[in-house]
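Can you build the whole structure from these sequences, using the hints too?
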Amino acid sequence: MKITGLSYRYPGQAKDALKRIDMTVHEGEFILLMGPSGGGKSTLLRALTGAIPHLYGGEISGDVIIYGRNTRNHGPKEFADLLGMVFQDPEAQLVMTSPENEVRFGLENIGVENGGIERRIEESLEITNIGNFRKKFIPEMSGGEKQKLAMASIIAMDTNILLLDEPTSQLDPKSAEEILSILRKFNEERGVTIILVEHRLERCFRFADRAVFLKDGEIVLDDRMDDYIVKARKSGGIFLPPITYLSGTRGNEVPTTVKEARKIVHNALLNNELSYVSRSIPFQTGRNLIHLSNVDFSYGNSKVLSGLDLRIREGEKIALVGRNGAGKSTLLKLMNGILKPDQGRVTVNGMDTRRHPTSKLAKICGYLSQNPSDYLHQKTVEKEIFLGVAKSDVDLSYMAWIIESLSLEEHLDTYPRDISAGERERVALASILALRPKVLALDEPTRGMDYTQKDILARMLNEEGKGKLASIVATHDVEFITAYANRVIILGNGNILADGPPKKVLPGSLLFSPQVNLATRGFLELGLREDIIRPRELKWSSKEKPTGHSRHSQKGVPSAIAPRTGIRSRKRGQENAVRNGGSIV
Amino acid sequence: MIPIYSPKNNSIHSIPLGSKCIYAGGALVSVMIINHPVILAAGLLSIAMVFWRAGEIMNWLWYLKVFLVLGVVYFAISVLVSQQGETTLYEALMQNSYFHEESWLPFLNQFLKRVTGNVNPIVIDEGIFSIITIEEVVFGISFVLKLLLSLSIFILFSLTVHPDNLLRRLGRRAVRSALALSIAVRLFPTLIKDANDIYEAYVSRGIPLDQRNSFLRWIRRIPLMIPLLANSLERTNTLAESMECRGFGRQLGPTTVLKKRKSGHFFRSIEFSSLSMVTIILPCIFLLLLLTQLGGWGMKSSYTVDMGVGSNEAVLGILLILMMGAPMVSSVLGGGGN
Chain Z
1 MKITGLSYRY PGQAKDALKR IDMTVHEGEF ILLMGPSGGG KSTLLRALTG AIPHLYGGEI
61 SGDVIIYGRN TRNHGPKEFA DLLGMVFQDP EAQLVMTSPE NEVRFGLENI GVENGGIERR
121 IEESLEITNI GNFRKKFIPE MSGGEKQKLA MASIIAMDTN ILLLDEPTSQ LDPKSAEEIL
181 SILRKFNEER GVTIILVEHR LERCFRFADR AVFLKDGEIV LDDRMDDYIV KARKSGGIFL
241 PPITYLSGTR GNEVPTTVKE ARKIVHNALL NNELSYVSRS IPFQTGRNLI HLSNVDFSYG
301 NSKVLSGLDL RIREGEKIAL VGRNGAGKST LLKLMNGILK PDQGRVTVNG MDTRRHPTSK
361 LAKICGYLSQ NPSDYLHQKT VEKEIFLGVA KSDVDLSYMA WIIESLSLEE HLDTYPRDIS
421 AGERERVALA SILALRPKVL ALDEPTRGMD YTQKDILARM LNEEGKGKLA SIVATHDVEF
481 ITAYANRVII LGNGNILADG PPKKVLPGSL LFSPQVNLAT RGFLELGLRE DIIRPRELKW
541 SSKEKPTGHS RHSQKGVPSA IAPRTGIRSR KRGQENAVRN GGSIV
Chain W
1 MIPIYSPKNN SIHSIPLGSK CIYAGGALVS VMIINHPVIL AAGLLSIAMV FWRAGEIMNW
61 LWYLKVFLVL GVVYFAISVL VSQQGETTLY EALMQNSYFH EESWLPFLNQ FLKRVTGNVN
121 PIVIDEGIFS IITIEEVVFG ISFVLKLLLS LSIFILFSLT VHPDNLLRRL GRRAVRSALA
181 LSIAVRLFPT LIKDANDIYE AYVSRGIPLD QRNSFLRWIR RIPLMIPLLA NSLERTNTLA
241 ESMECRGFGR QLGPTTVLKK RKSGHFFRSI EFSSLSMVTI ILPCIFLLLL LTQLGGWGMK
301 SSYTVDMGVG SNEAVLGILL ILMMGAPMVS SVLGGGGN
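Chains as they are written, first to last, in the numbering used here: chain Z, 1 to 585; chain W, 1 to 338.
Please keep in mind that the hints were generated in silico from the structure rather than gathered at the bench.
Because the structure is a prediction, the values reported are computed rather than measured.
The beta-carbon is built from N, C-alpha and C at its ideal position, and this holds for glycine as well.
Please note that the accuracy of each hint is not assured.
[Claimed, not checked] Example chain W residues on the side facing chain Z (calculated, C-beta under 10 Å, incomplete):
no.	residue
1	A76
2	S78
3	L80
4	V81
5	H162
6	D164
7	V203
8	T238
Pasting the structure below:
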């Protein structure tokens, strides 16, 4: 695949979405396509399938040549047997009503023989672990199952190239791991070329051979992984998974897997060469804001929550985790009265949700759903943000703070549906923050957000209302939790399985442990994202020193994981204190 | 929520598509040629048993409730407007001043006089407005029953036929229409979910859409159509892109069509399912029904007060019950297996 001088502008847009892209993709490569949201990653994938310009129109210059065929002359359907694409939202790419027919759809279109079709259906559904759902009705499948089916329908076509646009963004850690393992297997064993767009690098960094960093429609970095790590550090280190900060003693040994990191940590520990940073998120709790008492909730015959008790107090930053379908969204909706409990009682600031309309409760408990597009129907981003705020309540300095913090200044006059998925998420969030609720319930707000934006979000939630805002975030993003939460709730089996500070709850979890914790497990028993430990010898020169979020940056510490409480060296003897106390500050 | 197809593992759902098509066709013709309300009611009970066996009784009742409203409206108009029949049922209404010249009609006349200049544009013919006969009532009931039976046949077909199977059976001849149906069934629950999510998103922003006054509540929800439409269009776009990326619309054409064209065989083996007995039972009943019609059994005037059920009507009723309940009979005989 050869891309030369590719520039592209969407119809009616003033700016180019892609600018002079030059890139050659070799057979069997696993490329990780990274960059801030709105940087042009999805647009580049569309250009590779031929959907740009054939389905989208617009102005294009340059060429994309795939196996000798130019996408200017051949549309997506003509590349269907060479190139498969998995989209971010599985809901929008499944055509048929049963999994076997969904897989069959593509195979029949490209003229696979009848016998081959049945074999490929069987095999692709088995590989993606949905063989048992062969005849299930697709609308009744869960989000994770649908994403696996979307994957199955593409891999069944046995294409040479796979393009994937954030295929794991809606999945819990286990399902995401399954999808990425399939990709690695296809890449390593079948030589399939893979181009993967992903924001949560800790999941997939180790699989990739090459990293391409796209910003404002331009390729900023395009290197093998080792070179990328070095260059990414020099340029701020934002787009690196936390585990890469556990560098070796000489600073040139950069781990990309937990196994490698464990070896480095172990050696450094033996040589007493460890330094670490840590922080504690201020945990001020005030009065009760939300109280769920013995709450039951069912969808039809399916019971989701059973006898749940929960109190949320002023100032708490709660992360709500659990597998897909554990009832996280349901719990958030119960909190602002969108759903009413079958049994039990939910009170918001003392008001029973059964007796008060949601529109009234929304002033106290704001809710952001999973799909930010549900919020967009005004003509401009600015109108969208101000929609729920009464004119008399507008506080311009506060609104300016929201807009600036979420980097929405340049989009204020843009039509909200003309911006990227990550930017839409920020607009929807701004529109909820604008109401100045006392409690914020956010459902997967980090989807489509890069590390910088996640860091900003965590900071906003911690700073808003002088720390008095209570927030509860349902998320699969374990690394975000460690930057944001002072309380973690694991939901499962219709009730709360674990509830406590992140340092107590996460390290003990088999599914929701952050990478740094896994890398230090058994040695230090710490290792949330903020507890980065590094050999003392690894110094950042002033030139290398990260530039982003300067007010939180400290010497020798990458800004993306900026600690709040300083750097301390430690000796082995201090380990017990950490084990017993949970906090190392 | 509007009930749509959902797969179920029972004998009615398992009946082959071809048999269901024959059933639907035969049942529809039978409903058309029979007018006796008692027999039609028996047919309705019979098809109810089929819905029960198919596990779709609640879904059927949901639709029935909707169409019953239409039926009642039709019945009321038919009875009030029609002048047919001899056995007057509500003659007393002729004297009712409600329709009399001195009540509301003169106001209408006054208005029409001004507009048209005609001195007396509406001639009061009491018969037009007030005669209600038993024949009209019987005819109205028959018609409503026919309407409900016909719709029930369509509902049974749509609730028990997998749209993907329909798509495959239609092959190239109507592939786009069948695919559209399949996509509609696939995306309908998504559309409902979208509408719900958008509503939730807006009330969560403090916009008072959840008023107690149901009229205001619905009026205020109208603007939500905009994001719903925008979401649907975006999804349509991605869906089209996904379909193209999987080769939809390539010149090569679907495999199944190619295979049939190339095979050149005149005969092919088919698996006989005991559930397919519906295809054997049905034509026999249908033939008998036709014979009874030719014998004049079902030729009663629509406008008759003769509601009696003689031996002819009894036979006709049994035949219609068998006709409408053929899938039930077939599934019982077939034991639900192949």
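Going down the list of hints, with the structure as the test:
1. Hint on A76/W is violated. Least Cβ distance to chain Z is approximately 36 Å, over the 10 Å limit.
2. Because the closest C-beta pair between S78/W and chain Z is about 40 Å apart, greater than 10 Å, the hint is violated.
3. Violation of the interface hint for L80/W is found here, the shortest Cβ-Cβ separation to chain Z being roughly 43 Å, above the 10 Å cut-off.
4. Below 10 Å, beta-carbon pairs count as interface contacts, and V81/W has none with chain Z, the closest being about 44 Å; its hint is therefore violated.
5. Annotation: H162/W was flagged as interfacial toward chain Z, and the flag holds, the nearest CB pair being 7 Å apart, inside 10 Å.
6. Using the Cβ-Cβ criterion of 10 Å, the hint placing D164/W at the interface with chain Z is satisfied: the shortest such distance is roughly 4 Å.
7. For V203/W, the interface hint holds, since its Cβ comes within 10 Å of a Cβ in chain Z; the closest pair sits about 4 Å apart.
8. Restraint check, T238/W versus chain Z: the minimum CB separation of about 4 Å is within 10 Å; hint holds.
In this structure, the earlier hints numbered 1, 2, 3 and 4 are contradicted, and the remaining ones agree with it.
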